[in-house]
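Asks: What follows is the residue order along each chain.
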Amino acid sequence: MNLLTLIKISWRNIWRNKLRSLVVIISIVFGLLGGIIIIAMSYGLNEERMNNAVDTYLSHIQIHNNLFSEDYNIKHTINNLDVIEKAINEDDRVVSYSKRIVLNGMLSNSNGSYGIQVKGIDPDEEIKVTNTYEKIIDGEYFKSKRDNTILVGKKLADKLNLKLKSKVVITFQDENYELTSLLYRVEGIFRSGNSRYDEINVFVKNKSITKNLPGFNGYHEMPILLSDIELRGEVKKDLIPMSSDNIVEGWDDISKELAYANEMLSAVLYIFMMIILSGLSFGVINTMLMAILERRKEIGMLMSIGMNRYKIFMMISFETIFLSLIALPFGLITSYLIVEYYSVVGIDLSVVEAGLENFGVGTRLYFKVPNEEYFYVSLMVFVISIFSSIFPSIRALKINPVEATKTI
Amino acid sequence: MIFKIAWRNIYRNKKRSLITITSVFAALFLIILMRALQFGFYDKLIETVVESYAGYVEIHADGFWDNQSLDNSMQVDQQLLDDIQSVEGVENIVQRLQTFSLISVGEKTKGGVINGINLSEEQKITDWNKKMVSGSFDLRDNEIIIAKGIAEFFDISENDTLILYGQGYRGMMAAGKYPVKGVIDLKNPDLNKIGLFMTMESVRNYVSSDEISTHIIIGKEKYYDEGKIVEDLGLILSDDYEVMTWKETLPEIEQTITADSAGGLIMAFILYVIVVFGMFGTVLMMTEERKYEFGVLISIGMSRIRLFGIILVETIVLSMAGVVLAVMFTYPISIYYNINPIDMAILMGDGAVQMIEEMGFSPMIPMSISWDIPLSHSLVIFIFSLLISIYPAIKISKLNPVKSMKV
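Protein chains in written order, with the numbering used here: chain A, 1 to 408; chain B, 1001 to 1407.
Since the hints were derived computationally from the structure, they do not count as laboratory data. Please read these numbers as outputs of a predicted model, since none were measured by experiment. Among the clues, some could well be false.
What the hints assert, rightly or not - Covered stretches of chain A (chain B as the covering partner; in silico rule of three or more C-beta atoms under 8 Å from a C-beta of chain B):
| hint | segment |
| --- | --- |
| 1 | 19-29 |
| 2 | 34-40 |
| 3 | 129-143 |
| 4 | 263-276 |
C-beta atoms are modelled at their ideal positions from N, C-alpha and C, and glycine is treated no differently.
Let's have the full structure, built from the sequences with the hints guiding it.
Replies: Now the structure itself:
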């Protein structure tokens, strides 16, 4: 009896007892599905978190004065700004940019005071770079003709009980180290999806600062948006030589925790995948063991008509391989469809909204699976199911043909 | 009689019984380990955050939390401390006096929060003495320890002097000049920018009052429910005080855990589907194998209901065995990894590990040894195994004895 006949027998065995095959196939499909969904959720969460951060506050590249990043002193404005601006205007990899005045100070009203960061912006430039204007939940994004209006985050507004048109005072050290206070009225309240950001950032118009500080000019922060986020390395390299007093950073340099989140994620995923795959493996092993118990008589018969143990082992292994090969496409198609569906529709997680805002993501979770993960997961599931069939096959070899055929 | 037959069936075919037990065991084993790991992570998170600054339970004068001014402070006497100490689950109590102040060095000024602390008591709750970057935690009167961020901002270190000024008690002006005793890394970027520490007496002196405190921080016995402590405290304390747990003082941590455990639940659900299906497969194959036996029993006159009763008893006994084994096996594992936490660092690059450590967390994750996990999941798995036994019941009710004996 050659190998081909053995394969043929295995193939027929699968279709002979459809129920048994179905159970194993469904187990494998579930294993694959479970693995892919876990990956989809984690990647989805991470990607959304990153996109949110990049779109609302990180941008692709930011330029600061070297000293400003250390002490936030108002004097340390971006060096050589004209040259940089000219270069950026000519660079067609750059989609948009804006210039901000950044002040560290205190915002107070009658309810108390909080340490905040004031971003002085030009609203027309800013909407091309960040999407805060889309996140206004109450009021307007600098539509007022007055200069002294301010946008505050939802979290800060709650803490200080701020409403539209509430008066607030911002206090900071000016370029002469004098404490300066400016009065603003709340024009809008934004909610970015990241509560920590909403707590410490407020926006005002550039003009409101410059007209009260006659001795000050320049900008502290220059966020740049590129046509593709992956270009940030090259553009960074071109911008660095323009002034040694400036520091040019990509989003991943600014927010290290976001950049490393992927790595932490995969460490956790790795452990959970191991647990899921062990679950699958136990399921397959137990089902196959029971199947072998049920097939004792059949296997005993085969042995007594002269099929040797090696061939029995091969036969059962082939059966498992076939079952996995049938299960994998099914599992892949179902998981692909589920992932595609939820990558568009998203899962509503508004029950835990507040916690998610802490992570910096919105309330809808969109699935996302990198293509190569489909391959890796299938491979792992395939290997695990083959591996799981070894133990039951060995059990089958121990069957005593005389006793097995004797039983009813 | 049903029990006798069921017991003999289990004993008769040991191999089959063993496989069924294994399937329940494996399912529960994996689920308990996964949940123990998840909850261990939360415990660690809470421990790190709560023990680094706030306590599990805090007591303030009523209204302090909403308006954190010294005018909402309280005077603590021995009687109050004794009352609190008498509550079950309370391990340590420590008082603090916290006030906002401006810090000034040379031409620079920034805001900070002064913490007046009782050195020897404080070490029972927080581990600040282990977090010193330079200098020692051994504060004497009128000396100050500053957080890392402040030291960097002003570019000062040990033996430099800084000036504090702000508002004292009941509108008094507060100002003082203090030499730096040491620099502390609070392992939290936000706290590092504002934290200042002095002895209780120095701060009281600074704000011109002899006996006020703003916080009473309570350290609880491990795994004791803080909600229970709050409830008991509510009974003995008057309305002049407010009692809060870390869930209220640090709502972000609570919410982060809720959000993350939603993800954890989905993972647990996926694992449940997989393992329960594994259990189902085992039972399904068992029913197939025993069709002949069932056929014989029915044809010699056993009622189908009674037959199902036998199967049900068998299922209950076997699942119980699996459940008990799983709990017995996982508990020592949980205890082992609780004492020797799992090192996530080997799965991550250096950068990520460094960042985690900067945030005050360690990449070592212990497993939770709370009994809630094995008990609740045992119950779920047990119920599932009963539900699965519906399958043989249906098979038995439809079984045609003649056909099933014709192999």
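Asks: So, for every hint listed, does it hold in this structure?
Replies: Do the hints match the structure? See the list:
no. : hint    : in the structure
1   : 19-29   : holds (count 6)
2   : 34-40   : holds (count 3)
3   : 129-143 : violated (count 0)
4   : 263-276 : holds (count 10)
When held up to the earlier numbered hints, the structure conflicts with hint 3 and nothing else.
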